[in-house]
Amino acid sequence: MIRLWTFLLAALACTAQEPAAGSVRGSVRNSVTGEPLRKAEVTLRSVPANVDTRPFAVETDASGQFHFPSVPTGSYLLTARRIGFLPAENVPRRQAPKAVTVAAGQEVDGVAIELIPNSVISGRVTDEDGEAMFGATVTLLEQKFLRGRRVLYSRGSAAVNDLGEYRIPALPAGRYLLVITAAAEFGPSPIRVRTPGQESARSYVPMYFPGVIDAASATVLELPPGQELRGIDVTLRRVPVVSVRGRAVDVSGNGIPNVNVLITSAEHAFASSLVRNVANAGADGSFLLTGIAAGPYAVIATSVAREGPSSGVLNIQVGSRDLDDLLIRMLPPVRVAGSLKAGDVADLAKVRVVLDAMDTYSDLRSSDPAGQGNTFLVNNVPPGRYRVRAEGVPDGFYTRSVMWNGDDVTDKGLTLSTSATAVEVTLARGASTVKGKLSSADGSPVPGGSVGLVPPDEKREDWGLYKTAIVGVNGEFTIRNLPPGEYAVFGYRPGADLTALQDPEYVRQVSAKATKLKVSEGQADTISVTTID
Amino acid sequence: MMRRILFPLLFAFACAAQQPPGSVRGVVASVTGEPLRKVQVSIRPEVRGVLPLIVETDASGAFTFPVVPPGKYRIAAKRIGFLEPETLARYRSQPSSREITVATGATLDGVTLTLMPHGVISGRVTDQDGDPVLWAQIEAMKIVYKRGRALTHGKATTMVNDLGEYRIVGLAPGRYTIVASPPHDLSPMNARARVAGQESAVSFVPLYFPGVLEPSAATPVQVEPGQELRGIDFRLRKEPIVNIRGHVVDGGGNPVSDALVTLWNSPFPSGANVTSAAADGSFLIAVLASRSYTLVGGSGGRESRSFGATPVQVGTRDLDNVVVRIAQSPVVSGALRAEGTPDLSKTRIAMEGIDTLQDILPVSEPLGRSATFRVTEVIPGTYRVGLLNPPEDYYIKSVRWNGQDLTDKGLLVTTGLSGLELTLAKGAPMARGVLVASDGAKIAGGRIAVVPPPDRRERWDLYKEYTADQDGSFTIRQLPPGDYEVFGFTPDSDAQVENPAYLQQIAGKGKPIQLKPGEQASVELQAIE
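Protein sequences appear in the order of chains D and S.
All residue numbers for the first sequence refer to our numbering, where the first residue is 1 and numbers rise by one.
All residue numbers for the second sequence refer to our numbering, where the first residue is 1 and numbers rise by one.
One or more hints might be untrue.
What the hints assert, rightly or not - No more than 30 Å apart at the CA atoms, straight line, and that leaves these computed lysine-lysine pairs for DSSO-like: (1) S:K464 with S:K146; (2) S:K238 with D:K39; (3) S:K346 with S:K409; (4) D:K39 with D:K98; (5) S:K464 with D:K98; (6) D:K412 with D:K437.
Unchecked claim - Pair ranges (Cβ atoms, derived): (7) D:N260 with S:D258: 31 to 41 Å; (8) D:L326 with S:D58: 32 to 42 Å; (9) S:N389 with D:L326: 51 to 61 Å; (10) D:V304 with S:S370: 40 to 50 Å; (11) D:K39 with S:H153: 30 to 40 Å.
These are computed hints drawn from the structure, not numbers from a lab.
Just so it is clear, CB atoms sit at the ideal spot from N, CA and C, and this is done for glycine as well.
Hey, can you work out the whole structure from these sequences and the hints?
Pasting the structure below:
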């Protein structure tokens, strides 16, 4: 039998002529019901991973037990998987692989693995007359906050079948929004002929459960682990829609060719795969967006050309009439250059300067590492207002001030319409390291939990000050390089979404449960935090 | 000015300002007769670049285009869940689109369009214990026989849900072979290491309905318009598999990084039979145990393709260190002789593999005035040498190399060779005929298949298919003189004459025909229904 395993033992062969072996026993259970799980595949993978050693695998028996009878000595990671349960990679902290060490002749027993059962959402999608909306797409959205802005990420989708039914299986528990988009052939189009007597065009637009067109009024679905949420039915209906026409122009008012134009809700952003309303502008920069329901929007133009104007944004309010002759001004990108200062001792070669957009539609722009010259350059920056900070700073330092043209722009930000040079970023010693302990209300430690720091109201939009930390196995956490100031600290059990702390509404709701933290310059602190539930 | 660019359709309306527009009204119904609501009806002008107009049918299936500039249009109906009935012979007179002409100021009324409801196949996929196999993939395929072998062509796919259920929608009527493949995670490629104490690994493998490993043993199912075929269930099982590991190397033994390795003779659906080699030329592919396969390595762009084939015999253990050596494929060159002066401006020499199924057909450049040819990328193997676009009235009389006549037995290519002699003779035989139904009615668009007589059934180059024209007439050409058998089929027949088993079934239902040089035969053929 050992001969047959030769390929597994190749790595060990060099250390032992006749490898000693032990054994590993354990069980696999359903994390929600506690029931033993039969037919789970349990994999024993040697560490460090070696390409020549493929893992061992066994299946659990009818009572959920598994047994690896002959395991070469060494260190292993044990994982389990089963159809109907979440794969381990989707829930890293809750279902972390078990580490097992096997010594010669040792019989390791009682290794307990829990698997989290899949959740399911199902329902029907019909039209105004109750007929199946065959071909519609149901998308499950998870809401997160990204630098203060609500962003909806797709977490799964399903097609509505010819009977009007849909089913999204294999979901992790969570809080979701559901949005439904009709089949493309029912979509808005400028060539659709209005029915005589109809005042405005009507079209299917993406609709959120339980039947609303704006995400803000959608019902949040609470999906518990291992359960099926049935009857999540939506009736799609046509709503009045208008067309939006305009041109993308440069500073002198000339049309810009090769521009992509998209329209997105002004209230929340979608992960890009969900943005449907996109137009390609013509050679003179003209564009047409159709099927837009009433509401506030941002129209964003982006150039695909390598040179020239790069982007432009226009905020609009759509009502019951077509919008014509919009002009989106696109400005050329700018450069920001400057130097880093940090007294005399610090090595700044690895420090990068980051421009963090203060208006909503841009993102982070980063320089290369400063290198020996302590200078930085950020290219291709869309005009706008940016907060400037340094990242990768030496231990104990923080960004104390940003000066430009004799003006202190640390808090108010750098407003760019043309390139800026000689921006001075001053780092200072005095950042603190805060250590703490996270416990639940009954005083027990919460390993695998997390803590999040929220800056005071006046610095609410300084996203660099939102710090998070994962709690270690001993229930302790550490946050480094914290600039002086006051913070509110929130503690969570494993698996919480800490991006919610960027939502001011949420922070107001839970503020009473915060632990206050005042960080003085250079002073190490220790705090004790209780989970907010 | 700007609006003109945005709305080319306004151009059409601009014309309407000069001539009073007409209007178009009509009804859309299903082939079963009931009116269909919510159908998208479009009229598309003949003028290029002008966008169509779209309206939707109401609850009674009626539609109205109130303002249509005079002109010629194509009017078409479309609705999700419905297909074009005119693709079937029996519904040819009930099309989903028509040509219409709108006259100045006139109402074109009573335009009827028809749609055919789709077919559905549904069932369950479980493992041997009856537990659902979430994310198993179901494919409805057409099996096409080429040179005696079953080739699968995917038509529609879907995934199995957590209850083990699946539903394939949108199917056109026809015969389908259904295959259930295990989810990616549980596929042979991802089979975890062997279970302690077991000699070979096992894995869920693709199964064809009703639960067989070979596509040729599958039972196809017949889907009719608007029909749901229920209970097409699968019970996936684990079969012994082995991994083949190896390297793709070039002629000098150096690893080739961008190569694709394709497995031939595998019963798995095509996607499971291709793997790409890593940067160091290494590859891994999982196969059913205890079979023989051919691994074909291929690499390079159009200009410099390299190929190589390595046969492997697989037992119950993994095969390691398999070397697939690829090389610039041999070049075959030669000269062409012909009576008279045929027009060879479009004619190419084509080499059709006899013992290999390949994805490309090696061909020469068009011959033009040159009497010589070169065919590149000829993977070693045996070939029948033929012509693409042969000159009118010519056929291949003989293929000779090295003093041997290879017309019948084919040319064995191992390395590059030159001096191949092709002789064309004038007076290509031809046959004309009419395809009729059992009631004597001519069958427009029917299929005609010509096959060699039983003792030459392996001559795959002598199989040819033709389509009857509107009057049921057809012409058989581009075949060398000899004895043949002709079979006729209806336009939507799934008949596969290159399936030897099928040819057995229809034995005696064809008509013998003799093609003689310089002669034109005639044949009246009744379709097999």
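Results for each hint:
Distance check on the hinted pair: S:K464 and S:K146 sit about 12 Å apart at the alpha-carbon level, within 30 Å; holds. Taken as a hint, the S:K238 and D:K39 pair is honoured in the structure, with Cα atoms around 13 Å apart against an allowance of 30 Å. Between S:K346 and S:K409, the direct Cα distance comes to roughly 27 Å. Compliance with the 30 Å bound is thereby established for this hinted pair. For the proposed pair D:K39 and D:K98, the alpha carbon gap of about 19 Å is at most 30 Å, so the pair holds.
Taking the CA atoms of S:K464 and D:K98, the gap is near 64 Å; set against the 30 Å cutoff, the hint is violated. In summary, the hint linking D:K412 to D:K437 is not supported, as the alpha carbons are separated by about 35 Å, beyond the 30 Å threshold. A C-beta distance of roughly 32 Å is found between D:N260 and S:D258, which places it inside the suggested range of 31 to 41 Å. At about 35 Å, the beta-carbon gap between D:L326 and S:D58 stays in the expected band of 32 to 42 Å.
At about 56 Å, the CB distance of S:N389 to D:L326 agrees with the hint of 51 to 61 Å. A C-beta distance of roughly 47 Å is found between D:V304 and S:S370, which places it inside the suggested range of 40 to 50 Å. Look at D:K39 against S:H153: about 35 Å separates their beta carbons, and that is inside 30 to 40 Å.
The structure fails hints 5, 6 (numbered hints given earlier, in ascending order).
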